[in-house]
Amino acid sequence: DTGVSQNPRHKITKRGQNVTFRCDPISEHNRLYWYRQTLGQGPEFLTYFQNEAQLEKSRLLSDRFSAERPKGSFSTLEIQRTEQGDSAMYLCASSLALKETEAFFGQGTRLTVV
Amino acid sequence: AQTVTQSQPEMSVQEAETVTLSCTYDTSESDYYLFWYKQPPSRQMILVIRQEAYKQQNATENRFSVNFQKAAKSFSLKISDSQLGDAAMYFCATFIYGGSQGNLIFGKGTKLSVKP
Numbered sequence: 004d005t006g007v008s009q010n011p012r013h014k015i016t017k018r019g020q021n022v023t024f025r026c027d028p029i030s031e032h033n034r035l036y037w038y039r040q041t042l043g044q045g046p047e048f049l050t051y052f053q054n055e056a057q058l059e060k061s062r063l064l065s066d067r068f069s070a071e072r073p074k075g076s077f078s079t080l081e082i083q084r085t086e087q088g089d090s091a092m093y094l095c096a097s098s099l100a101l102k103e104t105e106a107f108f109g110q111g112t113r114l115t116v117v
Numbered sequence: 783a784q785t786v787t788q789s790q791p792e793m794s795v796q797e798a799e800t801v802t803l804s805c806t807y808d809t810s811e812s813d814y815y816l817f818w819y820k821q822p823p824s825r826q827m828i829l830v831i832r833q834e835a836y837k838q839q840n841a842t843e844n845r846f847s848v849n850f851q852k853a854a855k856s857f858s859l860k861i862s863d864s865q866l867g868d869a870a871m872y873f874c875a876t877f878i879y880g881g882s883q884g885n886l887i888f889g890k891g892t893k894l895s896v897k898p
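Those protein sequences? They're chains U and H, same order as listed. So the first sequence is numbered by this note's numbering: it starts at 4 and just counts up by one. So the second sequence is numbered by this note's numbering: it starts at 783 and just counts up by one.
Among the hints, erroneous ones may be present.
[Stated by the list, open to error] Here are the simulated BS3-like cross-link-like pairs (lysine-lysine), alpha carbons at most 25 Å apart as the crow flies:
id : chain 1 : residue 1 : chain 2 : residue 2
1  : H       : K890      : U       : K14
2  : U       : K102      : H       : K837
3  : U       : K74       : U       : K60
4  : H       : K852      : H       : K897
5  : H       : K855      : U       : K102
[Said to hold, decoys possible] A few chain H residues that face chain U, going by a derived Cβ cut-off under 7 Å, partial list only:
id : residue
6  : Y815
7  : Q826
8  : N885
9  : K890
10 : G891
If you are wondering where the hints come from, they were derived from the structure by calculation, not from laboratory data. Beta carbons are placed, not taken as given, at the ideal position from N, Cα and C, and that holds for glycine.
In isolation and in its complexed conformation, chain H is listed as follows (with noise of 0.2 Å):
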């Protein structure tokens, strides 16, 4: 079964500096998605970045970059230069091909804090 694990329930961080958002991920399949969600509070989850598995460059969209470490299972988030709008709960996730179609699994979340 695949499983997603984000260890940091909380985090925070000053407004113009920088945060890591960790995740790590268990699965047994080679062809996979990861995904970075932000949920907003009382708003719609929204795709904050992408990763195809099977791809070794980083994505990177903007002030939001990841590191993929296929080999350890790891996909954390960076946030550049953050902003008040960024406070959010952050949820990493996957998704297998050729898995249940539509089942993206995803994390507990983490909640960003973003000081003025």
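With the rest of the complex left out, here is chain U (with noise of 0.2 Å):
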């Protein structure tokens, strides 16, 4: 296994237009978390996953984002109608629940909106 995947690494979009974003965790992994990084800032919880569940979500994740895991492997991330505030590094992490100290992250996909 070679670690989180993350694709795209990079995505520029026009404001408006929606946009999905993948993670592939660590095989054995059933813990998934997705966090924002905005310039010059430390990356954001925005949601994890146990399994195919979504346990928890930010108050950042507006109505404009959301994120699926369906059969507990992989997960996306959507945003619908981007803004230019949606700008930044999206990055996933994933872990074992038992382990949820010990999270790996991946590359991130860092999304320009134009």
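With the hints as a guide, bring both chains together as one complex.
Written out as structure tokens, the structure reads:
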């Protein structure tokens, strides 16, 4: 296993368009997390899944954002009607549920909304 | 609410020298972890070192060690014998047991430059 994989690495989109990102966690990890990192800031928690269940969502996750993990493996994060303020690095991480302090991060997807 | 403060936006160190990055945090919880993560340019964030709050002994990982002062809520990272590959953003983070389960709380980071 090569670790947490995120695609695409970079995405440029026009304001108002929808975008979708994918995260493939480490195969045996049942927890998957999404974070957002804006320029000059540390990552901020968005949401996390245990298997296919979305167990927690941050107040940062507006109704334009939706995340899924349909089969408890890969996850997608969709942003509808993108705004310039959505420009950020979107990070995915995964861990075992019993080892939630040992999270492994992907390289992130950098979104630029023009 | 938990907060993590890194007061040094940028630091610089000469290769082979020692540098200390500062971090303070605020929590009313007693059961938590503290972390230092490294984020090289265009590469994924990796865990450098982890400290359990109930352990008084400071964690050490090769050239990386922490100075954990629980009463002062301080968690600094010391990098000894700095190498060019240590250049990166360093983030201090907390994880609170019993709180938001997915929620690592990060500071704003310190950009470390290593001069040859």
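The hints, checked one at a time:
{"no.": "1", "hint": "H:K890 <-> U:K14", "in the structure": "24 Å, holds"}
{"no.": "2", "hint": "U:K102 <-> H:K837", "in the structure": "18 Å, holds"}
{"no.": "3", "hint": "U:K74 <-> U:K60", "in the structure": "19 Å, holds"}
{"no.": "4", "hint": "H:K852 <-> H:K897", "in the structure": "32 Å, violated"}
{"no.": "5", "hint": "H:K855 <-> U:K102", "in the structure": "24 Å, holds"}
{"no.": "6", "hint": "Y815", "in the structure": "5 Å, holds"}
{"no.": "7", "hint": "Q826", "in the structure": "4 Å, holds"}
{"no.": "8", "hint": "N885", "in the structure": "5 Å, holds"}
{"no.": "9", "hint": "K890", "in the structure": "5 Å, holds"}
{"no.": "10", "hint": "G891", "in the structure": "5 Å, holds"}
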